[in-house]
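First to last, the sequence lines map onto chains A and B. Be aware that the first sequence starts at 506, since it is given in the numbering used here, and climbs by one per residue. Be aware that the second sequence starts at 415, since it is given in the numbering used here, and climbs by one per residue.
Because the hints were derived from the structure by calculation, they are not lab data. Beta carbons: idealized from backbone N, C-alpha and C, even for Gly. Do not rely on the hints blindly, as some may be mistaken.
[What the hints assert, rightly or not] Residues on chain A that point at chain B, a partial pick, calculated with CB under 10 Å:
1. E566
2. P568
3. K601
4. S602
5. P606
6. A668
[Said to hold, decoys possible] Below, simulated BS3-like cross-link-like pairs (lysine-lysine); rule was C-alpha separation at most 25 Å, straight line:
7. A:K601 / B:K504
8. B:K499 / A:K601
9. B:K517 / A:K601
10. B:K449 / B:K517
11. A:K601 / B:K500
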Amino acid sequence: MAQPLLQHLCQVLYDSPFGTSIRESDNAFSLIESVHVLSITLLVGSISVLDLRILGLILREIPVVRIARAVLPLTWAGFGVMFASGFLLFWAEAAKSYLNPAFRVKVVLLLLVGLNPLIFHTTVYRRVTEWEREHRSPWRARAAACASLLLWSSVIVAGRAIAYF
Amino acid sequence: MKFKFQVLPVAFALLLSSIPAYAHHSFAAEFDGSKPTRLVGKITRVEWTNPHSYFYVDVVDANGHTENWGCEGAGPGALSRRGWKKGDLKLGDTIVVDGYRAKDGSRLIDARRVTFPDGRSVYGGSPGDGGPGDNGTDQGNLPGAKKG
């Protein structure tokens with residue numbers, strides 16, 4: 506094979522009639538971009554509330570679980586729309602995205618930012634009832650909250666940087 | 415502590431306002447407004463794409479040497495509104511492109527004014543991108559620009 510399989514797949518997406526129609530559209534592309542940005546604000550805005558609570562910076566009197574129950578459905582909704590709209594944008598530009606260094610960094614960051622809650626929920630969050638009323642959560646929880654804030658910020662910076670390469 | 419977290423949203427808003435509204439880059443990210451350039455050449459390739467369009471022209475220099483130049487323009491939506499439709503540029507057409515060179519010295523210009531074979535000229539840039547003449551006119555530092 507002349508080119509890597511991933512690159513080939515990106516080229517197939519790029520050349521597809523659907524990808525081409527988004528890429529060459531008068532308005533669809535910028536509309537999808539707007540939806541993408543809005544869903545990111547929903548995701549990052551809502552998860553940040555939980556992260557800041559775990560760090561003991563806001564809403565200290567409210568137990569962590571209560572905040573998590575209120576916030577996580579919004580976070581997941583934001584994630585779903587963000588992923589779908591992001592995939593449409595990728596579909597339109599896949600062959601270029603594949604070669605874009607900022608896009609590659611963003612994909613790695615997205616994998617890391619997905620790993621973080623996976624570790625959090627299978628470890629320290631299992632015993633959340635023991636510490637949910639504490640103003641300052643255990644260090645493992647605080648580390649996860651810091652990682653979440655840092656990684657999501659980095660995802661946004663990397664995503665924004667795609668346009669500059 | 416309270417004061418600190420009242421400042422955060424303001425700082426965040428300031429940060430956001432410094433980011434262009436759409437996912438295309440600003441003029442200054444790629445181009446040098448002090449290097450106006452005119453290209454006259456034959457179209458070899460057209461990419462009618464979001465968020466920026468690209469077209470490529472073969473330019474013959476004084477020594478008869480042919481070089482292929484890339485020209486970057488606004489996206490399909492913005493160009494369509496200015497009366498430039500997808501099929502208007504045809505392979506082999508000779509066009510005049512006035513714009514500014516890429517900062518990295520590559521053979522790429524930001525196409526601010528494109529003149530078609532029929533003499534019609536269209537503003538090709540992105541309004542508000544911070545480049546010369548970014549108010550949607552084709553003026554700025556280009557040759558033949560009206561001063562004042």
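Hey, A:K601 versus B:K504, does the alpha-carbon distance stay inside 25 Å?
24 Å, holds
Could you check if A:K601 really has its C-beta closer than 10 Å to a C-beta on chain B?
9 Å, holds
Hey, B:K517 versus A:K601, does the alpha-carbon distance stay inside 25 Å?
The given pair, whose Cα atoms are some 21 Å apart, holds under the 25 Å limit.
When the nearest CB of chain B is found for A:S602, is that gap smaller than 10 Å?
12 Å, violated
Hinted pair B:K449 and B:K517, Cα distance within 25 Å
9 Å, holds
When you check the alpha-carbon spacing of B:K499 and A:K601, does it fall within 25 Å?
24 Å, holds
Check whether the Cα positions of A:K601 and B:K500 lie no farther apart than 25 Å.
21 Å, holds
Once the shortest beta carbon distance from A:P568 to chain B is found, is it less than 10 Å?
This interface hint is violated because 20 Å lies over the 10 Å limit.
Per the CB criterion, is A:A668 less than 10 Å away from chain B?
5 Å, holds
Next item in the hint list is A:E566. Is there a CB on chain B closer than 10 Å to its CB?
Hint on A:E566: violated, closest Cβ of chain B at ~15 Å, above 10 Å.
Holds or violated: A:P606 as interface residue toward chain B, Cβ cutoff 10 Å?
15 Å, violated
The structure does not agree with the numbered hints 1, 2, 4 and 5 stated previously, though it agrees with the rest.
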